[in-house]
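Please take these sequences and the hints and turn them into a complete structure.
In the numbering used here, the protein residues as written are 638 to 707.
By construction, these hints were calculated from the structure, which means they are not laboratory data.
Yeah, the Cβ is synthetic: ideal placement off N, Cα and C, and Gly gets one too.
Taking CB as the label site, the calculated pair distances span:
1) D667 <-> K696: 28 to 38 Å
2) K657 <-> I698: 15 to 25 Å
3) E687 <-> I647: 14 to 24 Å
Taking lysine-lysine and the BS3-like style, the derived pairs with C-alpha atoms no more than 27 Å apart in a straight line are:
4) K696 <-> K657
5) K679 <-> K657
6) K657 <-> K671
7) K671 <-> K696
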Amino acid sequence: MHQSNALCCIFLIASALVNKEQLIAVLSEDFIWKVPGAFELKGLDAFYDELSEHQVDIKQIVINDNIFTW
Numbered sequence: 638m639h640q641s642n643a644l645c646c647i648f649l650i651a652s653a654l655v656n657k658e659q660l661i662a663v664l665s666e667d668f669i670w671k672v673p674g675a676f677e678l679k680g681l682d683a684f685y686d687e688l689s690e691h692q693v694d695i696k697q698i699v700i701n702d703n704i705f706t707w
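Structure (structure tokens):
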């Protein structure tokens, strides 16, 4: 697996699990999460707080295609 694909998988899993240690391992402190037309989160802590506020129990993640471009 290409390193960037591995990081994407870690990001997805860490986000789903709301795992701050894993998010710290793959995101920079100046990370920005943009939801066009809705909101923008600046920084890892803001992203983590948003995930924590809306955490749900996820039983399975299926990745059919790599939608990330570099």
